[in-house]
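Since the structure of chain F is already known, use the hints to place chain A on it.
Which chain is which? The protein sequence lines are F and A, in order.
If you count the first sequence from 1, position 6 lands on 6 in this note's numbering, and the numbers rise without skipping.
If you count the second sequence from 1, position 267 lands on 267 in this note's numbering, and the numbers rise without skipping.
Some hints here could point you the wrong way.
[Said to hold, decoys possible] Restricting the straight-line Cα-Cα distance to at most 30 Å, the calculated cross-link-like pairs of lysine-lysine (BS3-like) are: (1) A:K208 / F:K17; (2) A:K192 / F:K17; (3) A:K14 / F:K191.
Derived from the structure by calculation, the hints contain no laboratory data.
All figures in this text were calculated on a predicted structure; none of them were measured in a lab.
These are the residues of each chain, in order.
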Amino acid sequence: MTTDRPKKTVSWRKSIKGRRAIGIFITFALLIPLGILFVMPFIVMVSTALKPLNQVFAFPPRLIPETAQWQNFPDGWYGYGYVDFTTCTWNSLKITVNNIIGNLVSCTLAAYAFARLKARGKNFFFAIVLATMLLPNEALVVPQYVLFNRFGWLDTHLPLMVPPWFGWPFFIFLLRQFFLTIPEELVDAAKIDGAGHARILLQIFVPLSKPALATLAIFAFIGNWNNFFGPLLYLRTPNVQTLPVCLVQYQGAYGNTDWHLMMAVATIAVIPVLLIFIFGQRYFVEGIATSGVKG
Amino acid sequence: MLRRKTKPVSASAKREERIFYLFILPWLIGLVVFSIGPVFGMLGLSFTDWRISLDDLQFIGLDNYAKLFADPIFWTSVGNTLYIVVGRVVFGVSFALLLAILLNQKVPGIAFFRAVYYLPTVTAGVAVALVWIWIFNPRLGILNYTLKQIGIQGPPWIYSSQWVKPSLILMSLFSVGPIMIILLAGLQGVPKELYESAEIDGAGNWAKFHSVTLPLLSPVLFFVIIISVVSSFQNFTEIRVMTEGGPGESSNVMIWYLWENAFIFLQLGVAAAVAWIMFVILMALTGLQFRLGRRWVYYEGEAR
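Bound conformation, chain F alone (with noise of 0.2 Å):
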């Protein structure tokens, strides 16, 4: 679009400036409702959270309560006696933050293994990483819910909180792109001044491989706080439970619920990936491009 060309008598239309100016506008002509529709199910979602009950079923549907009634916070996070949803909210929390530092941790080493060490059998297990990402975790439920109930793991957190510190094919995959576009000169200049592997991969690796392991960080945070299927499995009691899990309990049969409560505590519930999401999004979206998929 950069072409230098007469400035003879072009219509404005199809002059540069023209064709710009109208890609600008059609550009912004998508953007724009595209973006209103992507934030719509969080609107509706918050708007319902702060209606009365009333106002719920009113029809036509506003997007903008007209009293916002603040009250369905508390109410909701309180109002069902067997859902306690502050214990949820510690279970969920500490099974998140376990998971992202095992998941770090254990992806790390691997990722600088395969990224930078030479090994007989590397190539092999490469493909195994690569194959394994394929693999439907969901699917491997029924095996590994009888060998957690072997090990006595059942209605604690360990079926959920142990296996993160065990690799995420996915994760390696990733963070090993990362590494591989570190220059090799810094690698061998620490190795001539007598540094390990290990001192190599904490001094020179992880610092410079930030962006990637606050994007690990965030998709891990993500993954961990809305996942469902495994503590609907693995958790009996209801103090052990984690938040999706409880906000499911709110949902009663098929349109009886209290939906103004529900969506307020799913509204609290959202929060804190929103805020991982909006202060990590910079790393996020950078760390994936830099990493990059090309293999």
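Just chain A now, with coordinates in the frame of chain F:
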């Protein structure tokens, strides 16, 4: 391990090899204990009449598979799964590509839009699935209300067996964030000189897209398609929260069928067989894509 003629290795190479295996050890243990072990354990268990206890297992050969193949609901769930996979891949990937192209434009404020477009992906989960029940409400939901404003009588969405699958596909379009970003990264990796030389050759926008962007993006597209096939098999949350396989069996997908058999009917042997069939279907689909991929994926002469 691969058979390969190896030269005598030096001491430092041996040391490096030891460190390599030390570093991948956690992953390797996890692989055996949490993935490969279960996968093959499950194959064995799919040949047993395993109900709840593992203590009195009877070997029943292929009975579980025979039972599945004779169950019309099983076939419904396979059909529903493939329907949703095809829908999510075709519409999801095209939509994500469209979004990525939009987000690749150089206009002010683009970073803001990038964040907004990614937002529904971040909040995907139970909370938002609950919101979608409300959005899809045929009488009071915002979706049909909006359609009515422009003179369209909206369908009953997740409350009708005809519309429930399209509804779920529509909803999944809101969380195409990851593949959108991967495609965006791919677009940004296309060298600008190629566009410039295409322009010199007089190529218009469509020609540039068709002859420069698409070929160079094809490896990324290929990766994205494979990923979205796999993730389409894992749509348990929506089904559990929104439809429970209904109305009737119209949104009964394989993962839901598996769950019901395992943890509601307590037929774990049958569930193990379902999981194995899922693997086989997934492997077949991936294999098929690699075959087809040879025809349309273009690699820039670099050795992979």
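query: Hints broken by the structure, by number, lowest first?
result: none
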